[in-house]
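A.B. asks: What follows is the residue order along each chain.
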Amino acid sequence: MAGLKDNLLELIRRTSAEMPDDVNRVLIDALKAEEQRTTAEFALKTIHANIELAKKKSQPICQDTGSILFYVHGPVGGDQLTFEEAAREAVAEATKRGFLRQNSVDSLTGKNSGTNLGPGTPVFHFTQARDAAGLDVRLILKGGGCENVGVQYSLPDSRIGADRDLKGCRRAILDAVLQAQGKGCGPGVLGVCIGGDRATSYAFSKEQLLRTLDDHNPSPELDALEHEIVATANQLGIGPMGFGGRTTLLGCKIGVVNRLPASYFVSVSYMCWAFRRRGVVLSADGGRIEKWLY
Amino acid sequence: MMLMELQTPISEDVIRSLHVGDLVEITGIVHTGRDAVHKFLHDGGSLPVDMRGGVLYHCGPVMVKEDGQWVCKAAGPTTSIREEPYQAEVIQKLGLRVVIGKGGMGDKTSAGCKEFGCVYLHAVGGAAQVLAECIKKVRGVSMLEEFGSPEAVWELEVEKFPCVVTMDSHGGSLHKEVLALSKEALAKLL
Chain A
1 MAGLKDNLLE LIRRTSAEMP DDVNRVLIDA LKAEEQRTTA EFALKTIHAN IELAKKKSQP
61 ICQDTGSILF YVHGPVGGDQ LTFEEAAREA VAEATKRGFL RQNSVDSLTG KNSGTNLGPG
121 TPVFHFTQAR DAAGLDVRLI LKGGGCENVG VQYSLPDSRI GADRDLKGCR RAILDAVLQA
181 QGKGCGPGVL GVCIGGDRAT SYAFSKEQLL RTLDDHNPSP ELDALEHEIV ATANQLGIGP
241 MGFGGRTTLL GCKIGVVNRL PASYFVSVSY MCWAFRRRGV VLSADGGRIE KWLY
Chain B
295 MMLMELQTPI SEDVIRSLHV GDLVEITGIV HTGRDAVHKF LHDGGSLPVD MRGGVLYHCG
355 PVMVKEDGQW VCKAAGPTTS IREEPYQAEV IQKLGLRVVI GKGGMGDKTS AGCKEFGCVY
415 LHAVGGAAQV LAECIKKVRG VSMLEEFGSP EAVWELEVEK FPCVVTMDSH GGSLHKEVLA
475 LSKEALAKLL
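Just so you know, the protein sequences line up as chains A and B, in that order.
Heads up: the first sequence runs through residues 1 to 294, numbered per our numbering.
Heads up: the second sequence runs through residues 295 to 484, numbered per our numbering.
Certain hints may be false.
[What the hints assert, rightly or not] Here are some of the chain B residues that sit facing chain A, going by a computed Cβ distance under 7 angstroms: (1) Met295; (2) Val358; (3) Ala369; (4) Thr373; (5) Gly420; (6) Ala422; (7) Val424; (8) Gly442; (9) Ser443; (10) Val472; (11) Leu473; (12) Ala479.
[Unchecked claim] List time: in silico DSBU-like cross-link candidates among lysine-lysine, alpha-carbon distance up to 30 angstroms: (13) B/Lys402 <-> B/Lys470; (14) A/Lys56 <-> B/Lys431; (15) B/Lys430 <-> A/Lys55.
Just so you know, these hints were derived from the structure itself, not from any lab.
Beta carbons: idealized from backbone N, C-alpha and C, even for Gly.
Isolated chain B, as found in the complex:
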């Protein structure tokens, strides 16, 4: 298990050097985006933020306004597979280098990662406090009125945000591997 420190914006070379099973820590800017955002982009919408070379985080945080400032109370990943129909297209459209989520994604996203130089990182699902601690500042929000708080695009400044590479830019997928092995194991135990 190798630990890599990533600083945004991230170059394609750095992304290509990552492999399934590597542990990474991200420092820099991360944008959240989940179901509503993916559908919106797929339907031809565009966002008022530039994410080129950046990181899209499948997350619907708990945000509270305190003294006029947004404060993040909890921010773990949401299940990514729901974005499978749209993800590859969104990676290309926004010029993403990293998608963070949980549960893994499918072949279409894997092909997109390979073609456009992107990786899928798995954050620990449910670890909303550990991950919120890595968020140093909420820099802004867009689409709040349109999509509501959990679905809005939050711009977050993060420090050493920990994840595991589970889909790399070479076609590798830990999810595929584990599914195949567990299927085989179950067949023997039935």
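One chain only, chain A, in its complex shape:
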């Protein structure tokens, strides 16, 4: 338990302070693509300086350390309750040390718990597999600014001329980019889910953010759509921070789940450039680090 807690504390620290390489690489390309001596270039240069500084000082990349989303995949019979207890301790400790901001607020009284612990925080997603050797723990810290520009469409949607087909999905996703402008701290990454019910659709759209930016969608149709969305979004001129410029999106990841005949949801989760996603594979008891992910 003590080993697990310490390992999770280190996972939180890394997630808060160190950007994943796949996102860093795309941000470097984005800086090269912008016109020099523009506010877009200023924004991207500041972003790069910030990434370096956060890593060096082991401090949060962004002060909004956001929703704490744990994705835990392990062997059958794993003890979820012990994991949750260790994770809660690690979260409270990380908050005390300033890796996380005090971010859990009572929705009725407005009182901040001060520890990031409370009803609904942090969030755990557990999955199991018969052949899982160790405990695969992934963490996303998703800030409120980008969470607030997430949106769910119910197709058909006559406001944007979107029917129940992939063309309609494309219209919905691009409308989400247009509505977000710079408010979600772009250039951002979209996690999209087509299908599901209202709750599972949003949840699955967030899971898409666990994919690396350079991976390929197993569906050729969706893979093509992911690339096309990024290319089109980057012609809109919204740019970093919405200052205008060439880079509006860094990536787009689309998943599908089945739906009811009556429902056709397209859910878009927007992730800011400060894409805090890290992972670790631990021994089944959580005490030993096998390898770091991302």
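Dock chain B against chain A, hints included.
C.D. replies: Showing chain B alone in chain A's frame:
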């Protein structure tokens, strides 16, 4: 892109000389204030600090007490549009010359900037470390008990705090411009 150095307190003349697209660096005193503070002021509350000619920063920093001193660990801007219903009134009430945030604000704030001689500056969202480096000292805090740390009013001494003018005191708004242009561009690409 012009670079202007601003020193607080800031005069109306200096504010009127700024235009959308200018890069500015602020040196002096900045106060943080976000959702709870705006609602509180709107509901008739008053703060124990004087911000006349000053700068209000939409920010909920990460603050840690080390050896009895507050230390700022991270301090980027938060999304400003949530304060749109209150901002113009708060600019007038507090006598603000500058509001710093991210994501831009709407017509009501734009009108307030024009009427009262104020600008909206956009800091780079998420750049919490670069911006925290510009904070040289945490001078004090008020409303900490009432609102909690992210929502409290922190008094910060800053040096060369970098921002872009995205809404000026002449009715100009980069956010409006970019929205209109991107809407037009998307219509052609659909």
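A.B. asks: If a hint holds in the structure, say so; if it doesn't, say that too.
C.D. replies: Hints versus structure:
Checking methionine 295 of chain B against chain A by beta carbon gives a least distance of about 6 angstroms; that is within 7 angstroms, so the hint holds. Below 7 angstroms, beta-carbon pairs count as interface contacts, and valine 358 of chain B has one with chain A at about 4 angstroms; its hint therefore holds. Of the supplied interface hints, the one on alanine 369 of chain B holds, with its beta-carbon coming within about 6 angstroms of a beta-carbon of chain A, less than 7 angstroms. The interface hint given for threonine 373 of chain B holds, since its Cβ lies 4 angstroms from the closest Cβ of chain A, which is under the 7 angstroms cut-off.
Hint status for glycine 420 of chain B relative to chain A: holds, with the closest Cβ pair at about 4 angstroms, below 7 angstroms. Taking 7 angstroms as the C-beta contact cut-off toward chain A, the hint placing alanine 422 of chain B at the interface holds, the least distance being around 4 angstroms. Nearest Cβ of chain A to the Cβ of valine 424 of chain B: about 5 angstroms, under the 7 angstroms cut. The hint holds. Among the interface hints, the one on glycine 442 of chain B holds; its C-beta lies about 3 angstroms from the nearest C-beta in chain A, closer than the 7 angstroms criterion.
With a least beta-carbon distance of about 5 angstroms to chain A, the hint placing serine 443 of chain B at the interface is held under the 7 angstroms criterion. Because the smallest distance between the Cβ of valine 472 of chain B and any Cβ of chain A comes to about 5 angstroms, under 7 angstroms, the interface hint for this residue holds. A hinted interface residue such as leucine 473 of chain B counts as satisfied when its beta carbon comes closer than 7 angstroms to some beta carbon of chain A; here the least separation is about 6 angstroms, so the hint holds. Of the supplied interface hints, the one on alanine 479 of chain B holds, with its beta-carbon coming within about 5 angstroms of a beta-carbon of chain A, less than 7 angstroms.
Distance restraint check for lysine 402 of chain B and lysine 470 of chain B: the Cα-Cα separation of roughly 13 angstroms lies within the 30 angstroms cut-off, and the hinted pair is therefore satisfied. For the given pair, lysine 56 of chain A sits about 21 angstroms from lysine 431 of chain B by alpha-carbon distance, which is consistent with the 30 angstroms threshold. For the suggested pair lysine 430 of chain B and lysine 55 of chain A, the alpha carbons sit about 20 angstroms apart, so the restraint of at most 30 angstroms is met.
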